[in-house]
Amino acid sequence: MPMSNLVDVGLSHYLALSAALFAIGMLGVLMRRNVIVMMMSIELMLNAVNLTFVAFSRFRDNMDGQAMVFFVMTVAAAEAAVGLALAVTIFKRFREVNIRYFEHLKG
Amino acid sequence: MTLTAQDLLFYILGGLSLASALGVLLMTNPIYSALCLALTMVSLAGLYASMQAWFVAGVQLIVYAGAVMVLFVMVLMLFDLKSEVKAFSRGAVAGFMKLVAVGLMTGAFLAAIYNSADTLLGTSLAANVDGTASTKALAQMLFGKYVFAFEAMGVLLLIIAIGAVALSRIEGGTHADE
Amino acid sequence: MPQIQLGLGVDSTETIINVIKMFALFLLMVQLVPLLVWVERRGSAFIQNRYGPNRVGPLGLLQLLADAVKFLFKEEFRPKKGVAFMYYFAPVMALLPGALSFASIPLSVPIVLKGENWGPYNFVLQGYDLGIGIVFILGISSLGVYSLLMAGWGSSNKYSLMGALRASAQAISYELALSLSLVGILMVYGTFSFTEIVAQQQGPLTFNFMGTQQVWNWLPNWGIFFQPLGALLFFAATFAEANRLPFDLPEAEGELVAGFHTEYAGFKLLMFYIGEYGHMLVASCLLATFYFGGYNIPGVTPAEVTAFFAGFVGEGNLSQILTAVTYHVSLLLRVLLFLWIFIHVRWTLPRFRYDQLMDLGWKTMLPWALFNACATAVILWLFQK
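Chains as they are written, first to last, in the numbering used here: chain S, 1 to 107; chain P, 1 to 178; chain D, 1 to 385.
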């Protein structure tokens, strides 16, 4: 890749960073077995999406991106709250948060 | 060719956020993962500030890094888990397929970005505004065009608060049988 | 070799001046700690009808120097079961929010320095001027919770962990009341930046009332006359944020064996104290900046002060520097008064119980802060007409 692509950071650079963060978050959801770490990886994916929105808002001179970031942040915080409440309830009942104990539907 | 402060900021903060995101994925102790995620959020706030989105950066610090991640860390400290023995999913074949799948998806994203770089260049760059003016524009958008979604968020937060309190009142606990 | 342009100054002289200024501001914060500790120990002694430290140096002023030397020579240990990285990093993290916040508050009036060879420099006694001052400080102080959590966890001690969890729950509860009480000030002044808020508090009290503009010459244009309830809520919430009595249950002596810093001794404990006093210092500076006019001296303008000094030492840089020093001293007087009030309250009021504390934060201060924000909005809308 020619050196001139690295200076003059533009929209593509931010999108590439956001894609990388999204991929790492997705790997976290797929590969980690702790319920809370999976929720944290979902938060990471939502943050990557926020970065995309803000980058587009900046480089397209459009304020709608930042308004979307507001809503995504609110929904993410709300989902984290309920997810943690559920995790605490599960821990109170089973004393385990490793999902390999919860893999089978109780039949 | 000059490397401006904007470029340097992007590379430093972007590198920091990538490194701490990898820390979230790879650390076996979940509390370390949570602290790495907090560092990722702080570096993302720095990136937003470098893109002149001042209010979004502030809200990211206050809400995400200062409240949501503190909640995660507090819950993990209450659980008192030992360092995980089986932190990653078992099965070599399944693990390999997951890696390949995510790699293909990322490759597709990056190829799309690289190929469309010509149309993305030459876009209209927003003017550099200071914090108050950009916040005013954001507020006008939130209360004007998206006012319905804004009020719906309020209702959502109310429902979430009631739900969390209801979940925490379920009977039983780790010492309930004793 | 690509050139790198940073935003620190137009040429190397200004960059060097700015870097020295940032170091000087950090040292100012750190050097205020011995003075505050001395005031606390002597002041608490007089309140409790005993002498304080009065042997080391005149009036006991060198007591903290002796304490610092003692701390430096103490044995450096760590709990064996704890997490070493968190145990060592938590005191460092305690210093960061205070230092970063203190550097973004304007401490004196902007002056213009000029010489024959070097061009006009605008010199502000402020580390960096962010357009979003208030939001930055709120964000950074919400990051200060992590030092409590890391200290509690890294100590591997049940009492430390309980203290840390209580402290962080208290901190995030009172952050809400703090932020909402500042919304009133934001609405009145219409800007986030500190320099503009202080600049708008110059001169006599001016406001629109029923269409006419009233100017009351006998009161200065300070924020407290516009936001009395907001000032009271902000004042109470900063006590909780800095973990000071009456909200200091996380460090309760006699209940939790010193809470989250039980296992710390020596220099690491001193760093926690610097962090706590730094937090108090930032809270006092914010109180002075928002509600008490910042560095403004009621009754005079900066130009008059410069002309007064120019009468003694002539025009030029020295009169400008003396103007900056005068305004800085006026801010310091207010800040020291509020710090004395912090210390006085600590030794006067009893401590809140934990459930009383959380009740106060959520059921009393949050509704009043919301009411303050709504009332301010309604009054501003009515009186703009």
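You may find that some hints are simply not true.
[As the list claims (entries may be wrong)] Here are the simulated DMTMM-like cross-link-like pairs (lysine to aspartate or glutamate), alpha carbons at most 25 Å apart as the crow flies:
(1) D:363 / P:130
(2) P:98 / S:103
(3) D:74 / D:40
(4) D:114 / D:315
(5) S:92 / D:315
[As the list claims (entries may be wrong)] Pairwise CB distance ranges, derived in the manner of DEER restraints:
(6) P:110 / D:96: 33 to 43 Å
(7) P:22 / S:104: 26 to 36 Å
(8) D:308 / P:152: 52 to 62 Å
(9) S:72 / P:111: 40 to 50 Å
(10) D:371 / S:95: 26 to 36 Å
(11) P:103 / D:196: 42 to 52 Å
(12) P:96 / D:196: 33 to 43 Å
(13) S:75 / D:129: 29 to 39 Å
[Said to hold, decoys possible] Far from chain D by the CB rule (all over 12 Å, computed), these chain P residues:
(14) 15
(15) 38
(16) 55
(17) 71
(18) 77
(19) 104
(20) 106
(21) 145
(22) 149
Since the hints were made in silico from the structure, they are not lab data. These figures come from a predicted structure and were not determined experimentally. Glycine included, C-beta positions come from ideal geometry on N, C-alpha and C.
Checked hints:
Under the criterion of a C-alpha separation no larger than 25 Å, the hint pairing residue 363 of chain D with residue 130 of chain P is inconsistent with the structure, at around 36 Å. Taken as a hint, the residue 98 of chain P and residue 103 of chain S pair is honoured in the structure, with Cα atoms around 18 Å apart against an allowance of 25 Å. Proximity of residue 74 of chain D to residue 40 of chain D is assessed by CA-CA distance (about 23 Å); at most 25 Å being required, the pair is judged to hold. Restraint check for residue 114 of chain D and residue 315 of chain D: the C-alpha separation of about 11 Å stays at or below 25 Å, so the hint holds.
Taking the CA atoms of residue 92 of chain S and residue 315 of chain D, the gap is near 75 Å; set against the 25 Å cutoff, the hint is violated. Checked against the given bound of 33 to 43 Å, the beta carbons of residue 110 of chain P and residue 96 of chain D, roughly 35 Å apart, stay inside it. The given range of 26 to 36 Å is respected by residue 22 of chain P and residue 104 of chain S, whose C-beta atoms sit roughly 32 Å from each other. Take residue 308 of chain D and residue 152 of chain P: their Cβ atoms lie about 59 Å apart, and the range 52 to 62 Å holds.
Under the hint 40 to 50 Å, the C-beta atoms of residue 72 of chain S and residue 111 of chain P, about 26 Å apart, miss the expected range. At roughly 44 Å, the beta carbons of residue 371 of chain D and residue 95 of chain S sit outside the given window of 26 to 36 Å. Between residue 103 of chain P and residue 196 of chain D the beta carbons are some 50 Å apart, a value that agrees with the proposed interval 42 to 52 Å. For residue 96 of chain P and residue 196 of chain D, the hinted distance range of 33 to 43 Å is not satisfied, since their beta carbons lie about 58 Å from each other.
A C-beta distance of roughly 34 Å is found between residue 75 of chain S and residue 129 of chain D, which places it inside the suggested range of 29 to 39 Å. At roughly 16 Å, the least C-beta separation between residue 15 of chain P and chain D is larger than 12 Å, which holds for a residue marked as non-interface. A beta-carbon of chain D comes within 12 Å of the beta-carbon of residue 38 of chain P; the shortest separation is about 7 Å. Against chain D, the non-interface label of residue 55 of chain P is violated: not every CB pair exceeds 12 Å, the least being about 7 Å.
At roughly 8 Å, the least C-beta separation between residue 71 of chain P and chain D is not larger than 12 Å, which violates its mark as non-interface. Against chain D, the non-interface label of residue 77 of chain P is violated: not every CB pair exceeds 12 Å, the least being about 6 Å. With a minimum CB-CB distance of about 35 Å to chain D, residue 104 of chain P clears the 12 Å threshold, and the non-interface call stands. For residue 106 of chain P, the shortest C-beta to C-beta distance to chain D comes to about 29 Å, beyond the 12 Å cut-off, and the non-interface label holds.
No beta-carbon of chain D is positioned within 12 Å of the beta-carbon of residue 145 of chain P; the least distance is around 21 Å. Remark: the non-interface label on residue 149 of chain P is consistent with the geometry, its nearest Cβ contact in chain D lying 21 Å away (cut-off 12 Å).
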